[in-house]
Amino acid sequence: MGNSSTPFEPKIIAFCCYYCAYAAADLAGSMRLQYPANVRLIEMPCTGKTDVRVLLEAFENGADGVYVAGCLEGDCHFLKGNIRAKKRVQYAKRLLDEIGIGGERLEMFNLSGSMGPRFAEIAQEFTEKIRKLGPNPLKKPNA
Amino acid sequence: MQELKEKPEVTGSVLVVGGGIAGMQASLELANAGYLVHLVTEAPSIGGKMAQLDKTFPTNECAMCLLGPRMTDTLNHPNIRLYTCSSVEKVEGQKGHFRVRIRQRPRYINIDECTACGDCEQVCPVRVPNAFNEGRGERKAVYKLFPQAVPNKYLIEKRGIPPCRSTCPAGTNAQGYVALISQGKFAEALEVVRRRMPFAGICGRICHHPCETECNRGQFDEPVAIAWLKRAAYDYGWEEAQEKEKESYRPRQARPEKVAIVGAGPAGLTAAQDLALEGFQVTIYDALPSPGGMLRAGIPRYRLPLEVVERETQRILNLGIRFVSNTRLGKDITLEELRSQYQAVILAVGLQKSRLLNIPGAELKGILPGLDFLRQVAQGEKVKVGRRVVVIGGGNVAMDVARTARRLGAEEVHVACLESRKEMPAHSWEIEEALEEGIILHNSWGPKRFLGGSEVEAVELMQCTRVFDEEGRFNPQYNPEVTTTIPADTVIVAIGQAADLSFLSEPSGIRTAKGLIAVDPVTLATDVPGVFACGDVVRGPSSVVEAVASGHEVAETVKRYLNRQDLKEGRETPRQEKLGPPDNVIPFPVRRLKQRMAPPEERVQDFREVYLGYTPEMAQEEARRCLNCGICSECLQCEAVCQKKAVEHWQTEKYEDLTVGSIILAPGFELFDAKLAGEYGYGYYDNVVTSMEFERFLSSTGPTQGHVERPSDGKVPERIAFIQCVGSRDCEGEGSPYCSAICCMYSTKEAIIAREHDSRIKPTIFYLDMRSYGKNFDKYVEAAKQAGVRYVRAMISRVEEDPVTKNLIIQYFDGEKIVREEFELVVLAVGVRPPQEAARLAEICGIELNPYGFARTPEWQPVATTKEGIYVAGAFQGPRDIPETVVNASAAAACAGRDLAPARNTLVRPKEYPPERDVSSEEPRVGVFICHCGINIAGVVDVPAVVEFARKLPYVVYAENNLYTCSQDTLKKIKDIIQEHRLNRVVVASCTIRTHQPLFRETLREAGLNPFYFEMANIRDQCSWVHRQEAEKATEKAKDLVRMAVAKVIKHEALHLQPVPVVHAALVIGGGVAGLTAALTIADQGYDVYVVEREEELGGYARNLRFTLEGNDIQAFLKDLIERAKSHPRIKIYTSAQIEEFGGHQGHFVTTISQGAPGREHIRRTLKLEHGVIIVATGIREASTSEYGLGQDPRVITNTQLEQELADGSFDIQAHKEIVFIQCVGSREGERLYCSRTCCAQSLKNALKIKELNPEAKIYILYRDMRAYGFMEDYYRKAREVGITFIPYDLAAKPVIRQREIGLLEIEVKDPSSGKDLVLWPDRIVLALGAVAPEGIQGLATLFKLPLNEDGFFVETHAKLAPIDFPSAGIFLCGAAHSPKSISEAIAQAQGAAARACTILAKDHLLVGGVVAVVDENKCAACLTCVRVCPYSVPRINERNVAEINPVQCQGCGTCAGECPAKAIQLQHYKDSQLLAKVAGLFREV
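Protein sequences, first through last, are from chains A and B.
For the first sequence, numbering that gives the first Met the number 0 begins at 0 and goes up steadily by one.
For the second sequence, numbering that gives the first Met the number 0 begins at 0 and goes up steadily by one.
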């Protein structure tokens, strides 16, 4: 698998809701909190928009890990989009388990827009976790 | 008949004072209703107190998440002009036409340029306590109020010129260089010194430092060692500073004018430097071979090493100054010659002559003049002194002479002077050091004569009895009888200096006075044009720093003289008052550090330097003792680092005059100063904090990043006590008598959240009455109890500290015994105080305040002040929570808007854009703009590499990097490039969409592109800032983010907003106080209103009520209200009516109602009403019960029945001498868990009324918590004062009523103060029943698809920030339909609902579409999933049997799109195809 001399640097996508998680990511920035450079954010109007197909295609494309980050439960700007997202993430995790990619590569997190430190912590912990899990098994060697 | 009276002009703009939640809400309402709003706030950011909160009750939501979007909306609203750091200075005029003056304090940052990159903050050396964190933690002098501040711009805090700087004759910025030294920035510090003081190394050693005398730190322990620190700047900063100077030195435009300076001492050199920097041709003449004057020739080397003098003087000469050595004026060159060769001449010749003694024996050999002696030694001449040396004089020169003599080998050195030790003019430290070196001091002796043959052998001294006369003038008196003789081989006379003005012997025209050159005191010009003088020859003997000051002044004069400017203008500024230390400064106890010195026995051996200076570490430590009295030190590091050149230290305050039609005052509130409640030890005990401090501890942006730590040791406090009512309900202490209304709830919240943070925490809340009277508040408190929060009803009178553990001990009575309990942290629930500026604002605006300092408002007009046209919102009306603040702010907006209705939309103009290019059929042409953000991005990410990468991406036809993409010139450039390269897609890679996307979208519109053809990559906040140590990976990530953005933008489509016409009419459901008030407020703004009332009569529940606690007549008010509604030409009232059918959307609803004929209910006619908005005001009814014998025993009545008896006079005083009120009957228990909010007030008013009629009546009120919140507390207190007995009862031990055989009504209740059962035999029992939702509310809710809570009250969109709104757009809520409330609260909410409604009615069209969900009818299977999941009930299955989503109502969350099994629904701009492209873009080019 790849060049054994360079450590595995996972590519991770974070689908973040505009109102909380994206704001928390910005706050982590203005607080200059450092976290691994493996996470790439995609902004969503609300995690309620999360689509199982998009999650799965991320893995198909080669993502090593994906997470969805929305508002704290009960705090959704759109009332309960994050509760809907949670269910869909659960469903997608089962599918990932079934097809052998592993549901643990997909997670849902909840945090408020003022939780910059929590955002950095999630990025750190999730990256560590994916690093341990190794590359997405769908990735072709030398890809 | 005065018909000629002119109708006053009405201005369509409103002034809103206060940028908190009230100010923002009022501004948004008005701006959306077509008025121009001027929002003025004292603070540098909007947000108010809410920004400090971590969470909000009762939903535990993140305060900042709620506030953030509201702040952004306010900032970006085209009709709102925001004035931060501003205050109102003057208000004139009247309703409809006020003239207002605004004062804007300088931010010292140009907010148009500031990008909030924070570079300035990083370099700022000044740390001050962070006031936003309630003084916990630190911030810099240049700062943002809080990380999410809006506007997201920095500012600099300045208090004034610190005393160290204002005292320095040369104006050296001591605080500036001390601050930089505290950070180890010695070179930068040296650069700051040099701005006013070219001799840092010299003055750092020998200055008499008046700055230290004035240093405020001296008030606490000892002054900061400012002079020694200056030396440290020289010692450790020289090399680096020289390098920097070389790099940065840019010679000014050379000027042809020539200036001669005579004398290369500190004054002459300073003047030479200033003039050379201005470009003039400067020549210095000096009698000595090298420059420096007294620095070189007068000050002994052990105090000032030669290399320091050489370096610092040479540095000045290096500016291109010609130095002519060994040239004495009057001898080698004449003044006339100089005047003919130079355009200006500066005389800085100093004082070269020693004063000598004219006493017997003065001619003997071995008697030397002091200055000559020093000069000879300094120039390396061999000077011999005898074994025994006597020095005459008590000044610094005498000390120098004595110590020099010691070093030259004299065994015995005596110093004789007239003065006593205390009077000696020499600096105390000079004397100390001389004594250390073995100098023998003879005080109070004057020289009588010198003894000896040809050579001096001894000095005879006589006693000096007095040196100065009564007026303090030098006038020595002697007693020649008392003498002493000191043998001497050498005598050195150091009794003073004089000028050698022999060069003036020719008739030069230069006037002299007292042996010095006479000059103008300000300009230093002599009487001869073109000749100036400075330094000691002008002012007599003085210090180096004064010479430098004089040099600067003369240079300024010469510059003006040569520029032909007025020499004097603006130079005679009066001295400013001394600036004290900053408020609340608690200096950490660190004593002044002594610099190292050589031991005396070593130092007398040679001329090596005595002072060894600080080590760099010592210097930093000493510098940290500075109190930063000026806050900003003006070190100008920020200016140097800011690439946008946004730092403007020169800014001054500005005034702006505005004309507005109405004014809304929303200045917020202050918190009670806990230090005033001394019994709790706040400020003394480390672990006693205020609730707001605790809130900051809980906040993730707070000083502990959300970890609950106690201040004394940083440990998690497991036992936390909350003490309620600190500064509230306090009639004796420093607090306020009223209830602060919010503390019970915020303490409950803080207790819950603390436990959520750390489950080990066990909070206890000590309270008097639990006043959780709002909607869902009681449930919240119950949940807190379930979650482990302990509530103890007890008054806490003091807190003690265990000095060892720093734990706190609280003693209280638990109903049975005294308990002493220990806690690790105590949180004081501090109350609400009127805003600081209340009194000033009231005076300026001419409004009255209530006795507590809040705005006085009439009961029936809750947002009106005592002046027409001026309204109030928020806590300025009295303590209140956020939803009530929002409600009142909307109400104030409604009232302000009503006054100005004729001028609506007159001052707001829609912006004009060029026609939009249709690019839908074009191939994508993407332009990518990548921002450096100064060095914020480019310092980490390799921006040029990202640009190269972007250029190669598919469809990218243009890519470039910009220093600041958001700057005005770059935005213009982007527009040009869009035209030039026919771009149809734009990607900007810079900061965050949250602040900048609107700006760039606007740029696209201005360039004729649809704004949705835009995508942003966040490579700053989410990349360069968070991966600072991993430049390579950050660059890779930035490339990925750009590729993802390009991939998505290719798939973007133009979205257009479609106009939907608005029907300018409102439907109000409910004809009670709320409904009628809403109707009138809307109708007064010029819109039609339909009021639908189920009953035959208008008035609602208020018809049952007669008078208020304040004593106002409810029926009179109601009658007037109904009359006004009935007679209003725009209001149509339908009584006996009900709603039959409902449809449509915001802007255009259609409602069918049926109306019964009077008296013949079954005969109904139906009507179809069309309207743009709906207001639900369905009210409330009194609850019923059979408890306590109501309905069975006529002596048991309801509160409302009693009220009517009292009002109509049927209450029999004689028959009812003893009355018992029972509160909370059926409320807060069983099926009805909520508090009805109004019953405590109703019982209080009825009980007080009875007492008024019969002071002898015995009245008992049995209660659970007396909820006399806010100013109502006054009546509760009054009730106790007039003898009404209040007995609390517990739900577990409710009062019991018994019927005795003899007909007595007996009631038994447990009295907690005695612990006994109390038996009463009242004549009447009055039950407080509470309120319930009206019948039939469920049907109405179903018809309108409006949510009801389990108590039957409507659920608003958001408990905090949208208390009037329904999730369904266009429908609003007010009055008791929301939750039980008082009449004035219902009025406020009704007015608020009217304001919300008018934001729609004010528009002719609503623009809909954009980011909304759209249905592909071909794919829809009508499975109802979308109908089920939409939180706003927008989708419906239409007549074609497919889902239909009305864009007017869709909020754009995409939940339906995410859930739709057939993928028939897509959310515009976030379509699956677009998101998939973005995902794929991370891995490959697409």
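Keep in mind that the hints are not guaranteed to be accurate.
[What the hints assert, rightly or not] What follows is a list of derived Cβ distance ranges for each label pair:
1. A:G73 to B:E717: 25 to 35 Å
2. B:G183 to A:G73: 12 to 22 Å
3. B:A1214 to A:G73: 48 to 58 Å
4. A:G73 to B:Q860: 33 to 43 Å
5. B:V1149 to A:G73: 54 to 64 Å
6. B:I817 to A:Y90: 58 to 68 Å
7. A:P136 to B:D712: 17 to 27 Å
8. A:G133 to B:A1420: 51 to 61 Å
9. B:S758 to A:D96: 43 to 53 Å
10. B:K971 to A:Y90: 45 to 55 Å
11. B:S966 to A:G73: 11 to 21 Å
Rather than coming from a laboratory, the hints here were simulated on the basis of the structure.
Note that beta-carbon positions come from the ideal geometry of N, C-alpha and C, so glycine has one too.
Hint numbers the structure violates, sorted upward?
-> 2, 5, 7, 8, 9 and 11
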